[in-house]
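Asker: Sequence:
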Amino acid sequence: MDKPKQASADETSYLVSLSHYDTSSLCSDYTLRRHKYEPEANAGCYEARQDWIIYVGPIEEFGGCNPINGNFSAVVLPLTKPERLRMIAYVLECTIPAPYGFPITEVVCLLNTDAFLYDNMIELEKPETSRADNQNKREWKNTNPALGKTQIQAKIMIQLASIDHACTERVKSVWKEMIDTTLRDKNKCFTHLEEYVNFRMIDTGAPFVEAMLLFGMGVTLTKEEDIQLEQIRKPCYAALGLANDFFSFDREYADFEKSGKSQTLTNAVWLHMQWYNKDVNAAKSMTLEATKRYEEKFLGSCAEFRQNNAPIPEKLDRYLDALAYQISGNVVWSLNCPRYHREYRYDPNVGMEDGLTAESLQKTLCLEYDAYIRTEVKEERDESSRRSSTDSSLQASEDDSFTTRDDVSISSCTSVSSSTLKDDQILGNDLLGRENVQAPFDYITSLPSKGVRDTFTDALNIWLNVPETVVSRIKSLGNRLHAASLMLDDIEDGSNLRRGQPATHTVFGIAQTINSGCYEILLAVSEAQELGAAEVKIVLEELAELHIGQSYDLFWTYHTQCPSENEYLEMVNKKTGGLFRLLVRLLLASADCELLRVTRGADIEELVSCIGIQYQVRDDYQNLHSPEYSAQKGFCEDLDEGKMSFPLVHALNNCEDNAELYELLRQRRDIGYLSDEQKRLVLGQLDRVGSMMYTRDTLKRLQGEIHAGLKRIENVTGRENWILRALLQRLEV
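No gaps in the numbering here: position 657 of the sequence shown is 657 in our numbering, and each next residue is one more.
Honestly, the hints are just simulated from the structure, not real lab data.
Since this is a predicted model, take the numbers as computed values, not measurements.
Cβ atoms here follow ideal geometry from the backbone N, Cα and C, with glycine treated the same way.
Some hints could be false.
[Unchecked claim] What follows is a set of in silico ranges between Cβ atoms, one per label pair, in the way DEER data are often shown: (1) Glu314 x Glu705: 43 to 49 Å; (2) Gln529 x Ser259: 29 to 35 Å; (3) Glu83 x Glu656: 37 to 43 Å; (4) Pro313 x Glu177: 24 to 30 Å; (5) Glu177 x Asp250: 54 to 60 Å; (6) Ser173 x Ser259: 31 to 37 Å; (7) Asp676 x Ser173: 51 to 57 Å; (8) Val452 x Glu606: 18 to 24 Å; (9) Leu497 x Ser259: 45 to 51 Å; (10) Glu606 x Ile312: 32 to 38 Å; (11) His165 x Lys711: 19 to 25 Å; (12) Asp676 x Leu540: 58 to 64 Å; (13) Pro313 x Glu660: 35 to 41 Å; (14) Tyr346 x Ser259: 49 to 55 Å.
Input sequences plus hints: build the corresponding full structure.
Answerer: What follows is the structure, given as structure tokens:
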């Protein structure tokens, strides 16, 4: 590594001689660096662990902190910008990518696009492990671990995006790709090392850590650069995975022998034992040699790339250095990290990593340790270190009315099959089943969906503490009504596409679709009856509001009559806001009474109504503006339907010469659609009047009001709602 670029690296880290460590001959010709701002990494790990305790429950597993050789993020990612190090450490503590912890096969997906949290950091409802003070054991019964993990990952994605949106997009896309492509068979058999390494490079999660490396440096790679570097990264990932296998084997093997659940280990040492009939020591030696070969191959590939592309951009030069620092940092961290070595373990939740690190550095490396940490962070950590991690977490509920299961994802609770409604309640014991009446419903629910309403329900429950059994029924009920409304809306609006697929009535016909929609409404009311009489009243009231709102939407379309803006927004509040409001009212009916006293349900209802309006106005905007929306629903589909959408209402009410717009709308009514040329003429009129800009400004104003309302409720409840914040972020324009 050439000296000119070291000056840049020196801004964030300092050199440490590898001669201080017995690396078992690994990392020859490599350089080790350690971050100057390491306490920020420790603070990030501590914050992550405290969030996990609060949102999920007790945690005994060790993460990235190493009081002797350095925090994982500090030695593996030493080129991270100081202001991003804490966030990097927080993310890695929550995810623990596999070269340095759990394999990706342990992952639990909670949010369909932004999901990454590892499941084996906690066992559901396990009694707290006794501490040194031998406290009485308590069970965590009021914590919904799946919901808590969603809170944490929502927080991660919001904070990453607020720091660097471009780099965050890579983090998201890499993770989604890994989830889609990773082989999940823990008992997969491998016949030779190359086959295993190709698997391990994916299984380890190394591409995710590489994305975090780029985030930490604030670097983005072009598609062409990614293609260029792909073959160089592979030996780096292989070296990381094999080194992890070497250092983690003793722990993994001990767990393997205890569990008796698996016939094999996903570990190169174990595989060498099987392939060549070797003992542990011989297999470890073979794994070491394989690791060294990949280390050498990586350095050779870097040198060849630099030579063949000289002079390479400083960004790529620095990136290659950062990959190399991963290899040396991972080895040194693994030598005595508490995760692999019981003799170095301490209570990982008490927040003492700064002190331990500061004390150990002089003894280990004979170096002065003068790393910076913000005053307010240190004061908070000092206070936290005086208490046990368990005492600082939420008090467990004494309510035994329900329990949760961590092996069931949140989304699984929404399945309509969870309903306790029995066939003979509606159909009796007749020979004719309900497969025909349910077929249209089954079709529309099979179409791709982002599950916004389910996640929205979970988000509201952060404040309301409704038992999961009740939440499950509310979700099922809400999904029935939503699907029924979509089937009927598509008929009434004359829409032939739904989520990029043929609308239900174009498959099953109008009559069958109407019948199925009405049947699902009936089942939803029956489900509400299972909750109670008050809940039935809520459902009927909101269904009435929804139909009144829809009546005005249809009336204005049929008669080509333009409402005022206030009339339009009231219609939206009744129609689109109705289903959102129905969910929150059902939750409030079963909510914690003490929380209701603090939050005032009216505040939450007002917030939800505002979100419903934002949701519809944004939908109107996207329908006329978004290429992605056009691919799903068709080009400016609202104009084909003749709908009085928000931009059109503004244009008709604010354009002195609106005769042309009305003529185009009448043409649509007469022939049933508008040509693309006619639609572009309408869009030109909207732009001329400033209606699209006005709609965008309205959405910005609504976003501000919603965030202010959200913050008020968070303040009075003392509960930050990261899930709702993440949802609202997705609605921003």
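Asker: Looking back at the numbered hints, which does the structure fail to meet, lowest number first?
Answerer: As far as the earlier hints go, 2, 3, 5, 7, 10, 12, 13 and 14 are violated by this structure, in ascending order.
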